[in-house]
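Chemist: This is what each chain is made of:
Number of protein chains: 2
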Amino acid sequence: MVNQVQRGDGNCQSCKSDSSGSNSGGESSKESSRCSTPVLDADRSDRLRDKMRRRMESGDRWFSLEFFPPRTASGAVNLISRFDRMGSGGPLFIDITWHPAGDPGSDKETSSMMIASTAVNYCGLESILHLTCCNQTKEKITDYLTKAKRLGLKNIMALRGDPLGEDWEEEEEGFNYAVDLVKHIRSEFDDYFDICVAGYPTGHPEAESYEDDLRHLKEKVDAGADFVITQLFFRADTFLKFLEDCRAIGITCPILPGIFPIQGYQSLRQLVKLSKLEVPEDITKVIEPIKDNDAAIRNYGIQQAVEMCRVLLESGKVPGLHFYTLNREVATMEVLRQLGLWIEDPRRPLPWAVSAHPKRKVEDVRPIFWASRPKSYIYRTQDWDEFPNGRWGNSSSPAFGELNDYYLFYLKSKSSKDALLQMWGEELMSEESVNEIFTCYITAQPNRRGHKVLCLPWNDEPLASETNLLKDELEKVNRRGVLTINSQPNINGKPSTDPIVGWGPAGGYVFQKAYLEFFTSSENVTALLKVLKKYEPRVNYHIVNVHGRNLTNAPDMQPNAVTWGIFPGREIVQPTVVDPVSFMSWKDEAFALWIEQWAKLYEDESPSRMIIKYIHDNYFLVNLVDNDFPLENCLWQVIDDMFELLDVPPELLNDVNGKRCENETEYF
Amino acid sequence: MVNQVQRGDGNCQSCKSDSSGSNSGGESSKESSRCSTPVLDADRSDRLRDKMRRRMESGDRWFSLEFFPPRTASGAVNLISRFDRMGSGGPLFIDITWHPAGDPGSDKETSSMMIASTAVNYCGLESILHLTCCNQTKEKITDYLTKAKRLGLKNIMALRGDPLGEDWEEEEEGFNYAVDLVKHIRSEFDDYFDICVAGYPTGHPEAESYEDDLRHLKEKVDAGADFVITQLFFRADTFLKFLEDCRAIGITCPILPGIFPIQGYQSLRQLVKLSKLEVPEDITKVIEPIKDNDAAIRNYGIQQAVEMCRVLLESGKVPGLHFYTLNREVATMEVLRQLGLWIEDPRRPLPWAVSAHPKRKVEDVRPIFWASRPKSYIYRTQDWDEFPNGRWGNSSSPAFGELNDYYLFYLKSKSSKDALLQMWGEELMSEESVNEIFTCYITAQPNRRGHKVLCLPWNDEPLASETNLLKDELEKVNRRGVLTINSQPNINGKPSTDPIVGWGPAGGYVFQKAYLEFFTSSENVTALLKVLKKYEPRVNYHIVNVHGRNLTNAPDMQPNAVTWGIFPGREIVQPTVVDPVSFMSWKDEAFALWIEQWAKLYEDESPSRMIIKYIHDNYFLVNLVDNDFPLENCLWQVIDDMFELLDVPPELLNDVNGKRCENETEYF
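Read top to bottom, the protein sequences are chains A and B. When we follow full-length UniProt numbering, the leftmost residue of the first sequence carries the number 1, and every step to the right adds one. When we follow full-length UniProt numbering, the leftmost residue of the second sequence carries the number 1, and every step to the right adds one.
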């Protein structure tokens, strides 16, 4: 239902997370061979090094963010929401570190490989996977790279990594230096990967000398590295001198400074120990006295980082800044905001979250049903080879992925079972109590136990505050058992730059048909079908229950475009459609969520589970489209007409509501 | 330039000629496998017998028209314009008779085969090709059918044909009766063709008896005929009895009465003689006295036909009427108008003329350039195997047919060389005289010699009178050497049922971006390019000369959709685009028309030819799109700005015009 907001105000995380670089607008994918709409933003088709070149040519500065893999599954879920939030600020890329101890190449939810894959495929973030080569066989490294490629990863940070012991001998067969890894990647995978290597502004601790280390860096670049990210440092001139020295010996590729906003005393100590760096005295002088005051240290760290970054940017020699986030948001975001690099309201190339997987770069149309669950849609279509030619569209039958490993972490609810029970009711007594929960979610009012309903099985995010334009109608209908899970208002030609609903390149116009999707009882559906006759052909509907009985007036089962844009010099773009064929797959998922995420919170045979089970077995999933987008949305009128038909005088209904309000204990 | 009207008022013949059955709207082609827009009207994908079934189910009466092949090439050109005009009234189909003497299966412009092919492919008319079998070998017949299939013909009227001599012997090997031909078609071509056979309400003249003839008809239907068209008759009850008798012996397929509006004394005599029919006394009584008064006879024929048709239709047993037109328009159209069967303002499934060739039935997008020359576009894309997947669109390079047999009759001008010289000037003295001719065409004013300019090489049709909304601007700019050949106004969401610009199914909305295309001098282009900088990115342009130097601001050479429609329950339809790739092919054609159709009217080396040659060699072809379709069309402002830049005070220009007006003899 966050979507009821998203569609309206376009502020959903998932929508924003595709914003990286979308402002460098313009050209479309050359590779798209289809006759339909072209991809709108160049960045989707460029590789990372091309994006950098384009930004440098346009003088458009960027930032990037480094994260390390989480230790626990719930940590992974949190990190991924962080990707969505921080992705909305418009990083050019993020990178995920590699920890040989943490089984980094495995399929575990917490592995570097899986985290990077999720960032690319589900969060739409251009990502770099770190890879260390020491103590690894060539075969193992090749396996990792093959897997990374298969998962849609396009960028590798080639590192030597830390030896196991303090000292170590060179291996004849294996890798001894990052340059060996760079050469291996180029020889085994040709030009497929963009390769990043590490630079050490104060020289690598193990290098014989600063100059010797510079030569090593030159070798890595000559071996095929595309750009350099440096180790952290504490003074701008440290980096600027290093940059000068690199240029002097003929290193011409981009060299990005690694920025480390000091966020706490311990983390600083730890990092300094690992990187064998010395903290300048003037910094230690400041923080030693306040080492137990985290807030104070962080504020200082932010100031110190901002000042250093300003110097770097003003030098004119630094096109982008790379941040060591330590997986935290506040400090880095604050620094970026003060530098003016954080994109507060990113332009969206399309109204939904674009995946960064190379094979999806020409994808430009999706069914509306997954609008609040884009990760689920991407997951279930991950095996499709062509976008959008392989799409469900008119093509006979789409092969949606099964829901079998439905519990894949990025489809899981972020809330614990206890939290869910508090939100959705420890004990349900009737369908009305379910109506109440939906209503509480809509109104953002606490439930009878005083707990806010922050999510529903179909909407992981709380309803955004901007939803007032639909809120009243939504509350009214949910209270009466029209359990809405998705909607969008109609829009008749707003500028594509509109901060709320705009998307795509400037100078265009965006349109929407009003959409409403909800669960409701068969009694309501019977009345609704009578009412809908009055609205032919203005309103298209699909009505289906869990057993798949589908009632529709869709002409010839064609998709109905409900979001489209008209742009200068382009074909029409229609990124969102109501598609009858994929609706049947969505139906399975939408009904399954009742059982998997809600009913299973309760004991077998418990009344609560029975109630959810009853709804699952007997309710219908309904979607309505008002085709007359230039007129006022008639869908609320349709629902009102349905209520009238139900032959219950409104005042009596209010009574019933009233009674429910009195003896609330009955429900929780 | 008729297009400057067509696009505006949608009244061009070619646009109307696809209207047959477009009102039985609804479903889309099941066979379309592409991801883009679906075909809008069912009839385009149905075969003739399905269209009939659909009409009978909906109680929607139809009419059809019979023509015979012309004797001369110019007769063919006239007949084809007649197809366009009469096609606009919405016949369900037309049929072309077969004359063994006239080399009917050849590639001659006048052959039955070529005329039927043109009706299908270029006029978008569902057509039936007659085929007679007597005195033909099976091989020859199979050749004819194979050729017909290749040309896109889907329907055959299977006839025995008239014997060479008065009496004839049955041939062992050959065909003796139409039933043999029906069997042959079904055995050789399975179910590919819809087959029509002839019925004789008064019995076939050579049949032993009326009953015997009915049995023959039953055999033809049992052998695989899909429907029956009858010989002409003079009394409704003659047909109704025949129909009853057919049903009685189990002939269940549609039986369509053949209507012959008496149009003249001689033609009646002739036809009666051929068909060995007797004209009822009450009819001869009326016409004998007025036999020398064609008008009187025709008026009587119209009345007589209308009355008879009314009886037939009121019987409720006649779903459609088949007219023997004798290749004339007036009488048949008048009868149809009085019966209310003539569609005065047919709904258009798309804004351009849809071809009836089966392989083109999913075609739903075309470049705007050929809007006034749809037959040329169809001709040049006739070898494309897929529509619209094989379209020029984003796909790298379209293979447009060459202009080599450019003089194919249906691409020829309808006017004679003398007529063209009168319209375009016996003798040209300067570029100004060319401006004058364009201006006269626009204003529909006679030229200096008093001749109306009814066509231009790029526009076969005179500018329709409804063009006033563009006329003033067009006149102004043409007078100053902006030689417009194509344009459309912007439209911001008019109902799809709008009589002027509407197309597609009811309940939708249609849109257009303003478009203007013209030839102009390099001086003007230099100024225009300066001006256009002010209109970025609002205005997209393509500017090219005969040598192919193309100046454009089209992003990434993408097509620009300039006509689109939003419909209930459907994806977006974008039938017209400005496509940079196909523009280069259109450029060749547009420039070639200067030489082929205009310059070559004059002697080699003559000043007139030199002037046209100069324009051909030095002018640029320009097209402009105003992307801001919700705002007022800015393209006229663009041209005004260009004129201003040319540094010539308007009043001085008027002087020049004035001078031209005085000594007009200078120009002609």
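Heads up, some of the hints might be wrong.
[As the list claims (entries may be wrong)] Rough simulated footprint, nothing fancy, chain B against chain A, three-plus residues with beta-carbon under 8 angstroms:
{"no.": "1", "region": "152–158"}
{"no.": "2", "region": "366–372"}
{"no.": "3", "region": "559–568"}
[As the list claims (entries may be wrong)] Below are the SDA-like pairs computed for lysine to any residue, each with C-alpha atoms no more than 25 angstroms apart in a straight line:
{"no.": "4", "chain 1": "A", "residue 1": "K534", "chain 2": "B", "residue 2": "A506"}
{"no.": "5", "chain 1": "B", "residue 1": "K494", "chain 2": "A", "residue 2": "K359"}
{"no.": "6", "chain 1": "A", "residue 1": "K494", "chain 2": "B", "residue 2": "E473"}
{"no.": "7", "chain 1": "B", "residue 1": "K530", "chain 2": "A", "residue 2": "E344"}
{"no.": "8", "chain 1": "A", "residue 1": "K533", "chain 2": "B", "residue 2": "A506"}
{"no.": "9", "chain 1": "B", "residue 1": "K147", "chain 2": "A", "residue 2": "K534"}
{"no.": "10", "chain 1": "B", "residue 1": "K534", "chain 2": "B", "residue 2": "E473"}
{"no.": "11", "chain 1": "A", "residue 1": "K494", "chain 2": "B", "residue 2": "R54"}
{"no.": "12", "chain 1": "A", "residue 1": "K494", "chain 2": "B", "residue 2": "P537"}
{"no.": "13", "chain 1": "A", "residue 1": "K533", "chain 2": "B", "residue 2": "P495"}
{"no.": "14", "chain 1": "A", "residue 1": "K494", "chain 2": "B", "residue 2": "P489"}
{"no.": "15", "chain 1": "A", "residue 1": "K533", "chain 2": "B", "residue 2": "R54"}
{"no.": "16", "chain 1": "A", "residue 1": "K359", "chain 2": "B", "residue 2": "R54"}
{"no.": "17", "chain 1": "A", "residue 1": "K530", "chain 2": "B", "residue 2": "A506"}
{"no.": "18", "chain 1": "A", "residue 1": "K533", "chain 2": "B", "residue 2": "E57"}
{"no.": "19", "chain 1": "B", "residue 1": "K534", "chain 2": "A", "residue 2": "P630"}
Source of the hints: derived by calculation from the structure; they are not laboratory data. Where a beta carbon is used, it is the ideal one built from N, C-alpha and C, also for glycine.
Chemist: Each hint should be assessed against the structure and marked as holding or not.
Modeler: Hint check:
no. : hint            : in the structure
1   : 152–158         : violated (count 0)
2   : 366–372         : violated (count 0)
3   : 559–568         : holds (count 7)
4   : A:K534 - B:A506 : holds (16 angstroms)
5   : B:K494 - A:K359 : violated (39 angstroms)
6   : A:K494 - B:E473 : violated (30 angstroms)
7   : B:K530 - A:E344 : violated (37 angstroms)
8   : A:K533 - B:A506 : holds (17 angstroms)
9   : B:K147 - A:K534 : violated (51 angstroms)
10  : B:K534 - B:E473 : holds (21 angstroms)
11  : A:K494 - B:R54  : violated (41 angstroms)
12  : A:K494 - B:P537 : holds (17 angstroms)
13  : A:K533 - B:P495 : holds (21 angstroms)
14  : A:K494 - B:P489 : holds (21 angstroms)
15  : A:K533 - B:R54  : holds (23 angstroms)
16  : A:K359 - B:R54  : violated (44 angstroms)
17  : A:K530 - B:A506 : holds (22 angstroms)
18  : A:K533 - B:E57  : holds (22 angstroms)
19  : B:K534 - A:P630 : violated (31 angstroms)
Of the numbered hints stated above, those contradicted by the structure are hints 1, 2, 5, 6, 7, 9, 11, 16, 19, listed in ascending order.
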